[in-house]
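Participant: Following the hints, put chains B, C, D, E and F in place on chain A, whose structure we already have.
Protein chains in written order, with our numbering: chain A, 1 to 324; chain B, 1 to 324; chain C, 1 to 324; chain D, 1 to 324; chain E, 1 to 324; chain F, 1 to 324.
These are computed hints drawn from the structure, not numbers from a lab.
Wrong hints could be hidden among the right ones.
Stated by the list, open to error - Listed next, the in silico DMTMM-like pairs over lysine to aspartate or glutamate satisfying Cα-Cα at most 25 Å (straight line):
#1 D:139 <-> F:233
#2 B:235 <-> B:123
#3 D:142 <-> F:237
#4 E:139 <-> E:114
#5 A:33 <-> F:13
#6 C:109 <-> C:41
#7 B:151 <-> C:258
#8 C:33 <-> A:13
#9 C:50 <-> A:53
#10 A:142 <-> E:114
#11 A:142 <-> A:115
#12 B:151 <-> B:41
Each chain is listed here by its residues.
6 protein chains.
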Amino acid sequence: MADKQLMTYEVGEQMNLMALLKNVTVRVAKNGKQYLDLTFEDQSGEISGKFWDASAADIDRFQAGRVVRLAGKRETYQGSPQVRIAGLRLANADEPHQPGDFVVHAPMKASDMEEQINQVVFEITNQVWNRIVRFLLAKHRKAFFSYPAAKHNHHAFEGGLAFHTLSILRLAHSVVQQYSSIDAPLLYAGAILHDLGKVIELSGPVSTQYTVEGNLLGHISIVDGEIVSACNELKFDLNSENVVLLRHMILAHHGLMEYGSPVRPRLLEAEVLHQLDELDASIMMMTTAVEKTSPGEFGERLFAMDGRSFYRPNEPQAGGPAVK
Amino acid sequence: MADKQLMTYEVGEQMNLMALLKNVTVRVAKNGKQYLDLTFEDQSGEISGKFWDASAADIDRFQAGRVVRLAGKRETYQGSPQVRIAGLRLANADEPHQPGDFVVHAPMKASDMEEQINQVVFEITNQVWNRIVRFLLAKHRKAFFSYPAAKHNHHAFEGGLAFHTLSILRLAHSVVQQYSSIDAPLLYAGAILHDLGKVIELSGPVSTQYTVEGNLLGHISIVDGEIVSACNELKFDLNSENVVLLRHMILAHHGLMEYGSPVRPRLLEAEVLHQLDELDASIMMMTTAVEKTSPGEFGERLFAMDGRSFYRPNEPQAGGPAVK
Amino acid sequence: MADKQLMTYEVGEQMNLMALLKNVTVRVAKNGKQYLDLTFEDQSGEISGKFWDASAADIDRFQAGRVVRLAGKRETYQGSPQVRIAGLRLANADEPHQPGDFVVHAPMKASDMEEQINQVVFEITNQVWNRIVRFLLAKHRKAFFSYPAAKHNHHAFEGGLAFHTLSILRLAHSVVQQYSSIDAPLLYAGAILHDLGKVIELSGPVSTQYTVEGNLLGHISIVDGEIVSACNELKFDLNSENVVLLRHMILAHHGLMEYGSPVRPRLLEAEVLHQLDELDASIMMMTTAVEKTSPGEFGERLFAMDGRSFYRPNEPQAGGPAVK
Amino acid sequence: MADKQLMTYEVGEQMNLMALLKNVTVRVAKNGKQYLDLTFEDQSGEISGKFWDASAADIDRFQAGRVVRLAGKRETYQGSPQVRIAGLRLANADEPHQPGDFVVHAPMKASDMEEQINQVVFEITNQVWNRIVRFLLAKHRKAFFSYPAAKHNHHAFEGGLAFHTLSILRLAHSVVQQYSSIDAPLLYAGAILHDLGKVIELSGPVSTQYTVEGNLLGHISIVDGEIVSACNELKFDLNSENVVLLRHMILAHHGLMEYGSPVRPRLLEAEVLHQLDELDASIMMMTTAVEKTSPGEFGERLFAMDGRSFYRPNEPQAGGPAVK
Amino acid sequence: MADKQLMTYEVGEQMNLMALLKNVTVRVAKNGKQYLDLTFEDQSGEISGKFWDASAADIDRFQAGRVVRLAGKRETYQGSPQVRIAGLRLANADEPHQPGDFVVHAPMKASDMEEQINQVVFEITNQVWNRIVRFLLAKHRKAFFSYPAAKHNHHAFEGGLAFHTLSILRLAHSVVQQYSSIDAPLLYAGAILHDLGKVIELSGPVSTQYTVEGNLLGHISIVDGEIVSACNELKFDLNSENVVLLRHMILAHHGLMEYGSPVRPRLLEAEVLHQLDELDASIMMMTTAVEKTSPGEFGERLFAMDGRSFYRPNEPQAGGPAVK
Amino acid sequence: MADKQLMTYEVGEQMNLMALLKNVTVRVAKNGKQYLDLTFEDQSGEISGKFWDASAADIDRFQAGRVVRLAGKRETYQGSPQVRIAGLRLANADEPHQPGDFVVHAPMKASDMEEQINQVVFEITNQVWNRIVRFLLAKHRKAFFSYPAAKHNHHAFEGGLAFHTLSILRLAHSVVQQYSSIDAPLLYAGAILHDLGKVIELSGPVSTQYTVEGNLLGHISIVDGEIVSACNELKFDLNSENVVLLRHMILAHHGLMEYGSPVRPRLLEAEVLHQLDELDASIMMMTTAVEKTSPGEFGERLFAMDGRSFYRPNEPQAGGPAVK
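In isolation and in its complexed conformation, chain A is listed as follows (with noise of 0.2 Å):
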């Protein structure tokens, strides 16, 4: 019989499972000991626990990215789950080990990702556009489709960056339909491109960091050099209006120049792919907080949505559940 997953374990069940070592750092308790900060991850999420009075060889056995089978009893600290530690050891060679098969992903294939997204590109009709979108995505389109879309908060799971490009994408088709004073390729090219320079600000999908270049550039000046890379490659005039409009709807994606945006947005396309942007990142949190809360109580706070923590409510509002 197959094991429970980590997060389906109720709080005070006995843990018994296989997990990834996300992430480990070795600490120094109050009594002179060191102990190690872990954390364990498979598919259904992560859990964080502690590893008392860690030897040298426990410090260098347990490392990152490892596969191991754990055992204890489910707890919670301030809100978040936890697992106080009973086992531990390294997954023998006849039970799962690949690390690949633990890792959170994308609800999507990144197979079926890259398809839908290819089929708005057909409905970038401008030339200009279209070409310098599918030259980026070619450039880059391993990291693309791999990448967390951040280091934390929303998204932070392998296939990210694609997936919330992707349902921009959805929300953006919605808006185009209703308001008909939308320039739809606009609109999708600028879309696709917005977060593409995570692919250098951050470090990959495993352990993400950010990179030196990502800490002295950020991504909005990362992707509009890669703009102006590919418009030099295709010979397109960086002075023309077309190649003027793509840039700027990348520049003024974070709405306020305090969030990072060198202008802020000076087209409806600009105004609106900020609030599309910010629509699907803080749903997918909400949603995300949510889900790990009873019914009844409020989660844990979200520092990106200014601290606030969120409510479940007690019972299906209407014919369904409330949160389905």
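Facilitator: Same frame as chain A, but now just chains B, C, D, E and F:
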């Protein structure tokens, strides 16, 4: 042959048409003589002009709400259309002279909007919310389908309140399709009621002003009080979660306390309602401004968009026009 | 000989007395063992301490709300009083063991406060306001005279809500004497009702928490809803100026929208109520802090006073003591 | 029969009375001719008006500080009273023509204010503070009892500085009665000196301007320097706690650093002084504005109250009038 | 005898001289007639004036960019110099009439600035930065040495961009001497390029306006794109640290994100560049304002210095003049 | 062979050297035992460490200000250097044990700094400023040349106040050379006195704390009071422009009111002083941080630089090292 309408004249063209006097202010010029600061309106929009050296008879004659025959020249002042008045007289009995025929109104008929909103009410399957919504729509039906959504800014036209509500419902419908975590009945009920307090905050569809109640209570607390009264009437328990959730949807819909919400959104649906409200309002404002702007120019500064002006691109960027 | 009380021990002195367990939190120490983070309370104030190496029996025994015999040493940690626990046991049957005898409460008896507030109600000569105030005081009488005014910060003790209200009324009386432009009945009615919503926003006088209603509606909208319900009951017209003015007094009393008032004060009396509310709350907080501070020192940082700490001068500055 | 006074005319009524020219500005109209922008004053208040087509002789004749006979019509412009001037000439020798008879002044005589303030000085039982206060009151006696408290906003009339100080002392007396933790002598000493620097910051009671010293040092540092000089004169040690506490009272009285206090209040008494200062100033501003407003209307926007306008209720709310 | 120049006339003096029409705006006076709002310029500075009752011929004749003979009287309006125009005609063929002879320009010749900047380029010993700087200086040489540094505010004159750049380089040189921790080549390279994007953001040295590219991209992203293009051309790796550091210098030079930098300075040299940029710009603005102010007075409010006005002391404070 | 110094050990290296106990805090570990939180200092810098299971004798022995022999291992905790203590004992009589030999101090000798500052005083040719500066330098000479410039942050070492002042004077000298509009004597006088109040605001060069006077008055008002006292002593008129200008220089030097300046700079020289103060302080903080950072890394977050961390490039960018 029918007259051209106000907004169809080119800059520099001679105008000659029937129009409604929307606003009339008597002022004193620097030379000590009185003049009239006028706003003319017909179904195509509105335009302002000055009537110099107004006699007491002129002041008596040209009152807000009357229909006039206007002759003059179409000009522009700081990006806004203006008319330099050459002639002005009241409409004759054989000319169109019904004020109602010259008012800007929503692009849908009230009966159509009502029908579509009623369709959504059916989808509010929670009976507490459904009955409160129906009670309040019935109580304020006439005003709800004729009032503007604001004094200035977005949807400041007859029927604007219902039209804005309906636009949000359409966006909400798309979002509900895309994100299964959202409780649709709660979002729909909140969306329908969120601005209903404006039927008391504002004075009506013509020469709209803030009422004393509007200034001292604000539309958020006004509609909150209406919900409480409805519950009293319908014998619903004010302390039940259903009622508390619905009140929260309305109280939180401005998103930030500094924008007048006494509490910030703490429900997924309340945050989404806030963002969709903002999305629809800003698309409406930007579209109106861009339509009045010449290609290759930045339009007027929009106070409610932090004073930004928006650019209208020079030419169709794609196969079709940028602003269809 | 009676025990000394909690706050009467000097730093370094051996303590031995009966006290109430106000809060109990079970935590895990860095050595992996459980301990109890305790707050002790008696009528002189409260003090915290840690009970190390707690057994399951200890955890079961020492629950919040029980009276204990505490032995230990009085210490100080970052400006706050602490006890280093040497011994702890439950009260015997022949020792004082009624929790109610160990709770901090307002410096006046509830019956005295009620009498004084009733005197003020007589001065509310406007019959609409008078009847609403009496209706709501009667409806929430018990809670109003026992609840604290806050979870932390100022007046966080049994009866604090009524005591704070009474203090504001006394200030209001002085101000009314000095400035004849103030409508005394309106100011008094607003003052009595301004924080009444806390009887629903908070859970009660013991282990005070925010209720779900408190988090989702806030005490301002709660009492506003109560006034609407009272009007419905008393058959008062919600649109009459009398009702609108009274609702405004409550809605505006936080002064700024970012502090949760949906409208800013637009009546002289509303602005005065806001300032007197702040004046009483801050004097109470500063007085409590200064009393706990040694002469010549700055006390603890007060979160609700922007993190400032206050200085207690070295010696009586005048003929009498600086802090009488 | 005596003339009516400036503020006793109804809107639309013909005016004919003696008044002081408080401010005179020569401007050029859009037709290229000069006109005078005038403010008239008598003991009832002030009103503005324009004198069109001013000749060189008019400009020479109508200078600030002269008494004139004014004829015209009482009007209103954006909520402020105005006069449309029909006739204007200098006062004859047999008409009232002493400027001092037409100046708005405090509602108490200077000698009465001085007597009441001296009474409070007796209650400053700390001899250091008592002697500094008496030294500085004596040094600046004449200016202190004649200067306004501000150029605009609150207490901008002759004697306003002393009257504002006295009002705060009365509030302080009530607060001292109610809260025993307050050191009364310190609060009184701080209250008397807090705005004394205005006798150097401002130019005087007529045509009040900021001096260069006022602009470069501000009244807070000016009075702080005066206290230091007084200590030098009286041989008080600048490093003694008594002196430091008193200086803190003055330095901190604006409450926030962004309002010009180099330090925030860190004494209970300093915080209370700040709040009472604000309370008296705002009641004075609101009362003045509401008295000029018609029942059922919102008055002029008050710059120093964040641009808010205040509502004057329609009718006496209680047995007596809303604004007595 | 040569004419006096614009800024050498005293207030009240009759003016009679040749000048350039820098800006011309046609407006309608309150009496319904057209007038011209003019700005005159010569090498001493600029002054504004109004030409009343302009005929169609006047409007056609007096266009921006033409040289005129101006007669009138020197006046002051709200602290700014003005001329009351008595006579105005176009320059005759035998009078000076070359616009270029009447333009304010930098106090150094373009060739001298170029020589000094080239000297600094030699000190950029890092070959990557050196070659990028030389590439871009060569590409935009003509504009760089003729454009102003801004539309208004500081260095808004011909050659202002290069002069401002050179001033920063001189400050940078002093700082490099004093603090050995600074990487001089990086600071110099960043300083030379930091505002180079203004050659595309602004329209040119005459009647300077923001271009569409300037509004939609901003000069920071424009020059960042130019660096990327240069690297493409020069075959430099965009991901090399040398390129990333240089791009960071430019991106971060506004210091705060709300001022348009997409990233805040994270290199010592980037922070220093930001501060030196601000130091030079503010000294230039204050100096210009103080020179126009009479001793003992405060000058005009400087928008870019938060609306502050600056004081010009009454007399030489030391052995020499306060403003040399 | 001489010991290595504190900051010259590599991470992981065994340490064994003499050092000063700079700070000692007794704390209670989570296991209930006491430990010492220690900061060690020598002329190379400072490092922290924990001494576990401290006995009463240990606590008595290891007091701040004593010199000890320290053995342990050099580690890193959150980017800051730490030592894991293996052995600790007091210095023997035959070992170095003078605390003064282990203190970080300015990179110049006090006598050299004094000489250089005196050179600048000669350039203050205005006799009023010259005499005030000399009077106050003489009065506070000893403290001025030994105090730090701050408790934390920049120049927090012995002699830091004078060294920071001298650095600003060197910058000021460069600026005066470059911009002739600046009144050098005024700038120099302001620079010398601007932070002099710190000799009263702070407790001294060892274990620096804020004094009560520092907390209640702040160094800006303290030095302002010192200038007033000096003028009293020197019989200078407080109302003369010379005195007012000098006081303004000091009062305004924090630039913004929210940073504690009661007035903003309104003199060119005051604004320049503010900017040079900030420039020197920030270069010092960044340099100190970068020197502690490994190449290719970001250093610790600097609280006084808005929490930013700064990057140390990987390799010398130019011919010479990036950080010389």
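Participant: Against the 25 Å threshold, does the CA-CA distance of residue 50 of chain C and residue 53 of chain A hold or violate the hint?
Facilitator: Judged against 25 Å, a Cα distance of about 23 Å means the pair holds.
Participant: Below or equal to 25 Å on CA atoms is what counts here, so check residue 139 of chain D against residue 233 of chain F.
Facilitator: 19 Å, holds
Participant: For the pair supplied as a hint, residue 142 of chain D and residue 237 of chain F, confirm whether the alpha-carbon distance does not exceed 25 Å.
Facilitator: Answer holds: residue 142 of chain D to residue 237 of chain F is near 21 Å, not above 25 Å.
Participant: Check whether the Cα positions of residue 151 of chain B and residue 41 of chain B lie no farther apart than 25 Å.
Facilitator: Distance of about 15 Å is within 25 Å: holds.
Participant: Take a quick look at whether residue 151 of chain B and residue 258 of chain C sit within 25 Å of each other, Cα to Cα.
Facilitator: OK: residue 151 of chain B and residue 258 of chain C at ~24 Å, within 25 Å.
Participant: Is the hinted pair residue 142 of chain A and residue 115 of chain A satisfied, with a Cα-Cα distance of at most 25 Å?
Facilitator: Cα-Cα ~14 Å, so holds.
Participant: Has the given pair, residue 109 of chain C with residue 41 of chain C, been kept, meaning a C-alpha gap of at most 25 Å?
Facilitator: With Cα atoms ~19 Å apart, residue 109 of chain C and residue 41 of chain C stay inside 25 Å; holds.
Participant: Taking 25 Å as the top limit, are the C-alpha atoms of residue 235 of chain B and residue 123 of chain B close enough?
Facilitator: 23 Å, holds
Participant: Within a Cα-Cα threshold of 25 Å, do residue 33 of chain A and residue 13 of chain F meet the stated pairing?
Facilitator: Holds, at roughly 19 Å.
Participant: For the pair supplied as a hint, residue 142 of chain A and residue 114 of chain E, is the alpha-carbon distance within the 25 Å limit?
Facilitator: Outside the cut-off at roughly 47 Å; violated.
Participant: Given the hint that residue 139 of chain E pairs with residue 114 of chain E, does the C-alpha gap stay at or below 25 Å?
Facilitator: 14 Å, holds
Participant: Residue 33 of chain C and residue 13 of chain A were given as a pair; does the straight-line alpha-carbon distance stay at or below 25 Å?
Facilitator: OK: residue 33 of chain C and residue 13 of chain A at ~20 Å, within 25 Å.
Going down the numbered hints, you'll see the structure goes against just number 10.
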